[in-house]
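Engineer: Residue numbers (my numbering), protein chains in the order written: chain S, 19 to 327; chain D, 196 to 537; chain Z, 1327 to 1647.
Calculated directly from the structure, the hints in this document are not laboratory data.
One or more of the hints may lead you astray.
To be verified - Result set (BS3-like, lysine-lysine): computed pairs, CA atoms no more than 30 Å apart in a straight line:
#	chain 1	residue 1	chain 2	residue 2
1	D	Lys428	S	Lys55
2	Z	Lys1377	D	Lys428
3	D	Lys323	S	Lys55
4	Z	Lys1456	D	Lys204
5	Z	Lys1377	Z	Lys1548
6	S	Lys276	D	Lys495
7	S	Lys90	D	Lys495
8	Z	Lys1456	D	Lys428
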Amino acid sequence: MGVEMTSAVQATQLTAEDIARLRRESRRENWGRAWYKFSRNPLSLIGAGTIIFVVCLAIFAPWIAPYPEHVKPFTDFANASQPPSSQHWFGTDEIGRDILSRVIYGYRFSLTMGVTVLAIVVPIGVVLGLVAGYFQHRWPDTLIMRTTDIFLAVPPLILALAIASILEPNLFNAMIAVSLTWWPWYTRLVYSITTGLRNEFFVTASQVTGASTSHIIFREILPNCVSPIFTKMSLDMGWVIIIGASLSFVGLGVQPPKPGLGTMVASGTRYLPDDWWISAFPALAIVVVVLGFNLLGDGLRDLFAAEDG
Amino acid sequence: MNLLIFIGKRIFHAIFVILGLAIVIFAVARIMPGDPVRLAVGSRAPQWVVDNMREQMHLNDPIPVQFGYWLRDAAQGDFGISLVTRRNVAEDVREFFPATLELALFALTISLTGALLLGTIAARHKDKWIDNIIRIFSYLGIVTPSFVFAIIFILIFAFALDWLPAIGRLSNGVEPPPRVTGFYTIDSLLIGDLATFWDAIRHLILPALALAMASMAQEARITRSSMADNLTKDYIASARALGVSEGLIMRRFLLKPSLIPTVSIVGMDFAAGLGNAFLVELIFNWPGLSRYGMNAMLSKDLNAISAVILSFGIVFVLVNLLVDILVARLDPRISLSAGGGS
Amino acid sequence: MLDGINMVVYPGEKVGLVGETGCGKTTTMKTALNVLPMPPGQIESGQIHFKGQDLLAMNGREISRIRGREVTMIFQDPMAALNPVFTVEEQFSPVIKHAANARLSKKEVRARAIAALEEVALADPERLLKAYPTQLSGGMRQRVCIGMALATTPQLLIADEPGTALDVTIQAQVLRLIHDLVEDLNTSIILITHSLGVVRETVDRVYVMYAGSVVEMAPTPKLFANPLHPYTQGLMESVPRLSGGGVSQGIPGRIPDYMDPPAGCRFHTRCPHVMDICSRQKPPVFRIDGEDGEVDGVHEVTCFLYDGEHGAAATTGEVTT
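Working from the sequences, and respecting the hints, build out all of it.
Structural biologist: Structure, rendered in structure tokens:
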């Protein structure tokens, strides 16, 4: 089979450059088609738009936020607990800080948390899943998958709370705590795909031709895991942000006076229901960004499902 | 027969996971920075007290021996003394756990009932306006943190409308029923005290609803998509062509296969609910194990944290075991392939 | 979308519905029984007459008196047609109860199910009843499906490519089985298939379908002796023959999606005899041969090639038996 294919390629006089060009073109075509399908789904577009908007807010916070100085230690009791107005769109909190500015900066913490946790968790989880799946029924499989079973035996939020509480409470440790609870999900996901693929023809073919194990795992199997991983990452950004906000809400995440969204909701609860805006807008901000990632994730899932089908 | 083999395997797996969890908890508790004895007796206690205590807690033995002692004690339900309440941790767990379980189970009931109802309606009216409304509701349920729901519900139903109580398990002045299960609803029914039962239910509704929203939304979505998918299956068309009545098709031949994906995620949703209970119990001042655990965490009470984590781990593993068995009962393909993956 | 389908089946007659995969044969028959999933399915207009009653105008109760008692259908893929999470017995019992239209004891239902399974030559029916579909081989599943359909003793049986999901030898057995059983009951049958060979051997009369429309109808011998529609001719040529002829040509081009068919005659994009009018106007039905009411003489074709040549008027009708 391999020999025939080579001779066919020679017969039509395709050079390596031609092949690379064809590959590039077909890849461009695939992306184009994917974008077309994606753009036909209004919900995915809303999701993507929301995320781009929030990311811009977070990146350009110092220029966008109307009162960036309210994020640092700051008090202005004359303007404390003002309801939403044209000066303070989201009102001011109990010590006179502009809530809109703090929400915009709060997105920095939420997104940092999400991105950092996924940056730690995805490579670790994926590599472990690939290794365990490729060596199914052998000791790496047993060792890795039984470990994930144990980590998955505690509800993730409880584990994250426990770890965060044992460490010093701050954003960095909260990220470590959530990462420790999150990697097994990626291991499981990739494991199930890998075990399904390892007996496929293209894998056995590479084994027969003497490809190295790492080549097979990373060049043959991994590309097939990419779309479910991306889908999961988009959905997980939302979950991680919720977990981060939950940690902050109980005081185990972002520490005041830093403007964590969860921290702000928690501190505002004391002034409910009269000064509702202190809690309501940070809470709304969480809902908006999580919704954006969920809409995007669902759009990606539909997209990849349609491609496979 | 196959089902028994399957259940046996799952039980074995559950035991293994609980043991593994015990090892991890022990390891984390020992790796902790700081001397557990110093933490326990305080910084001003004389050295001989510390030395005595070290001996008592077997801290001078090699680590595996220490683990042996710890596991033996844990198996007997002995997690030592809470550093904060100065009470036996095991007693605390026994006292507070039923309140959390009652809340979580009530929330589970709400979420499953609501999800099946909403999912079925959405599937039967796919792409109509009611389906779209349910879809929007599902999205909001999934993306809103439970602590936000808790606050919203308190504001609306307790403060603004004054329909339901927001704090605790019973109203002031209502005596808890004599303890049998620890569930106030069941215990009050056992002695025929309907007033207390009703009071307990009213206190359950808001926190349970706050916990149930996320799972309900998730499960409704899954029910809708599996039902809508199964409705187009040939076996439904075939049953119709063979004259099976529409009612029987809906109740039996459509419902059972559609339940499988929903039931499969109930375990995960229950876990998420137990986690969210840590915040919700704090907000509703619900005297359960989650609030106890939350306070233990905030005061770094290691013995209590270990016991709470292990308790929740065991409950979660058992719930997963039940879910696995239930799914295997629903779906013969799983138990027939005897084993069913890890 | 399906359009221009007029089918008639007489009592005791075996009729074939032939066409390429994906041309709407199954959808037509699901529509006829009103078992098409809706949504996404939708019926804009049409009538399905069974013994003079319109099935599409019936409510649930009325149609359930006919489905599963007088008309029933065997689906193409026996794996998909059996519910994977119920045992054979759990699926069989309601069918038998419904068909009997009388109170039956549990024992009686079971006895009838066993009898039905024996009828389709399945060994050990008692154990089979307790089995789940996944535990059965493809051939066994197909037989269970046939057994269920025939246990309703229908007057009209729609068989959708029975056995094509199975290997060739079993497929032949299944066809023979249906043939024999139907012979005994004097049941009318509509056999859906893509195979002209199967048609030639089993049915009395053939409808040829292309992209959601019927293009030709004729008694089997006439159709094979004198195929009129260019599509039918193409189909016949693409059947490989044992003697002479080399490799068959096939029909150039791809079958259009019947959900989004070309305007005018749906075949004009691939037709070797295409004329101007074909892309502009939908061709009517031309009667080539036979008289009204004549059961096995009528030969009709939906193609402008036969316009005027024979001067036959277009006819309309409904799916009737």
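Engineer: Indicate, hint by hint, whether the structure satisfies it.
Structural biologist: Structure-based check of all given hints:
no., hint, result
1, D/Lys428 with S/Lys55, "holds, 26 Å"
2, Z/Lys1377 with D/Lys428, "holds, 29 Å"
3, D/Lys323 with S/Lys55, "holds, 23 Å"
4, Z/Lys1456 with D/Lys204, "holds, 24 Å"
5, Z/Lys1377 with Z/Lys1548, "holds, 27 Å"
6, S/Lys276 with D/Lys495, "holds, 23 Å"
7, S/Lys90 with D/Lys495, "holds, 29 Å"
8, Z/Lys1456 with D/Lys428, "holds, 23 Å"
Hint compliance for this structure: every hint is met.
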